[in-house]
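J.: Let the hints inform the model, and build the full structure from the sequences given.
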Amino acid sequence: MRYLVLITSAILLGACATESVTASPIAEPTQAVPAVEPTQQELQPTAEQPSPTDGPDFKLLSSAFVQGDPIPAAFSCDGENISPRLTWTHPPDGLLSFALILDDPDAPVGTWVHWVLFNIPAEARSLPESIGPDPMLANGAVHGSNSWNSIGYGGPCPPGGEHRYFFKLYALDSDLELEVGATKEQVLAAMEGHILGQTDLMGTYSR
Numbered sequence: 000m001r002y003l004v005l006i007t008s009a010i011l012l013g014a015c016a017t018e019s020v021t022a023s024p025i026a027e028p029t030q031a032v033p034a035v036e037p038t039q040q041e042l043q044p045t046a047e048q049p050s051p052t053d054g055p056d057f058k059l060l061s062s063a064f065v066q067g068d069p070i071p072a073a074f075s076c077d078g079e080n081i082s083p084r085l086t087w088t089h090p091p092d093g094l095l096s097f098a099l100i101l102d103d104p105d106a107p108v109g110t111w112v113h114w115v116l117f118n119i120p121a122e123a124r125s126l127p128e129s130i131g132p133d134p135m136l137a138n139g140a141v142h143g144s145n146s147w148n149s150i151g152y153g154g155p156c157p158p159g160g161e162h163r164y165f166f167k168l169y170a171l172d173s174d175l176e177l178e179v180g181a182t183k184e185q186v187l188a189a190m191e192g193h194i195l196g197q198t199d200l201m202g203t204y205s206r
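Going by numbering that gives the first Met the number 0, the sequence shown opens with residue 0, and the numbers climb by one from there.
Don't read these hints as lab results, they were simulated from the structure. Where is the CB? At the ideal position from N, CA and C, for every residue including glycine. Among the hints, a few may not be true.
[Claimed, not checked] For each label pair, taking beta carbons as the anchor points, the in silico distance ranges come out as:
#1 Pro71 with Asp92: 26 to 36 Å
#2 Ala137 with Gly160: 13 to 23 Å
#3 Ala121 with Gly160: 30 to 40 Å
#4 Gly131 with Glu178: 16 to 26 Å
#5 Gly78 with Glu176: 31 to 41 Å
#6 Gly109 with Thr203: 12 to 22 Å
#7 Val179 with Glu79: 21 to 31 Å
#8 Arg206 with Ser173: 18 to 28 Å
#9 Gly160 with His89: 30 to 40 Å
#10 Val65 with Glu178: 28 to 38 Å
#11 Pro107 with Ala72: 14 to 24 Å
#12 Val108 with Ser205: 11 to 21 Å
#13 Thr88 with Gly159: 16 to 26 Å
#14 Gly67 with Gly139: 31 to 41 Å
[Unchecked claim] Cut-off 20 Å, straight-line C-alpha distance, at most; resulting in silico cross-link-like pairs (EDC-like, lysine to aspartate or glutamate):
#15 Lys58 with Asp68
#16 Lys167 with Glu191
#17 Lys58 with Asp102
T.: The following block contains the structure:
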């Protein structure tokens, strides 16, 4: 009889445990759990792939201002409206040209393009101060058009408040088959699939 009572008690305890488990479901995982064990090949370490940014950083600099600082008035529409001197270091290997775009994403009408310059020679490491609005520079670089529908540099000229101005330099594995006056959108489309590296320099300007 004692044996029968013990068996009955065990069955009742098991039923209670089952009810307890089903009454409090576990939350689903936030990530999918693999349905199968990884294969031996998957467990083997893979060779580390080189990153496009390995090595010294590709950097764009200016003697006029540093990253995040105000752009001096001389380079704005309130001053001489001349382009600042730019230099860059450690571009990626295999490049054939550079392209430069300067724009203001804080303009009230949408991003305002201030400067487009492409087919800058691969050996170039700087642009001098006060580049004129020539369709083609002496080094072969070609001017695109800005949001004023003119070619060349147009300095910061916000309607009010503080705006950010991004000088973006692209290292490309080809020249761009574009005409003088090409727009920023045309340059971006032509660069697609040819960008080896990119760097930018941001300055602010207030009025």
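J.: Work down the list of hints and note, for each, if the structure agrees.
T.: To see whether the hints hold, each was checked on the structure:
1. Remark: the range hint 26 to 36 Å for Pro71 to Asp92 is upheld by a beta-carbon distance near 34 Å.
2. Separated by about 38 Å at the C-beta atoms, Ala137 and Gly160 break the suggested range of 13 to 23 Å.
3. Checked against the given bound of 30 to 40 Å, the beta carbons of Ala121 and Gly160, roughly 39 Å apart, stay inside it.
4. Against the hinted window of 16 to 26 Å, the Cβ-Cβ separation of Gly131 and Glu178 comes to about 19 Å, which satisfies the hint.
5. In this structure the hint that Gly78 and Glu176 lie 31 to 41 Å apart at CB holds, the actual value being about 36 Å.
6. With their beta carbons about 19 Å apart, Gly109 and Thr203 fall inside the hinted range of 12 to 22 Å.
7. A beta carbon spacing of about 24 Å between Val179 and Glu79 agrees with the range 21 to 31 Å that was offered as a hint.
8. As the Cβ distance of Arg206 to Ser173 is approximately 39 Å, the hint placing it in 18 to 28 Å is violated.
9. About 35 Å separates the C-beta atoms of Gly160 and His89, a value consistent with the hinted range of 30 to 40 Å.
10. Between Val65 and Glu178 the CB atoms are about 35 Å apart, so this pair conforms to the stated range of 28 to 38 Å.
11. With their beta carbons about 21 Å apart, Pro107 and Ala72 fall inside the hinted range of 14 to 24 Å.
12. In this structure, Val108 and Ser205 meet the distance hint of 11 to 21 Å, their C-beta atoms being roughly 18 Å apart.
13. The given range of 16 to 26 Å is broken by Thr88 and Gly159, whose C-beta atoms sit roughly 35 Å from each other.
14. Distance hint for Gly67 and Gly139: a CB-CB separation of about 32 Å, consistent with the stated range 31 to 41 Å.
15. Between Lys58 and Asp68 the CA atoms are separated by roughly 16 Å; this keeps the pair inside 20 Å, and the hint holds.
16. At roughly 15 Å between alpha-carbon atoms, Lys167 and Glu191 fall within 20 Å of each other, so this suggested pair holds.
17. Of the pairs offered as hints, the one joining Lys58 and Asp102 holds, with about 18 Å between alpha carbons and a cut-off of 20 Å not exceeded.
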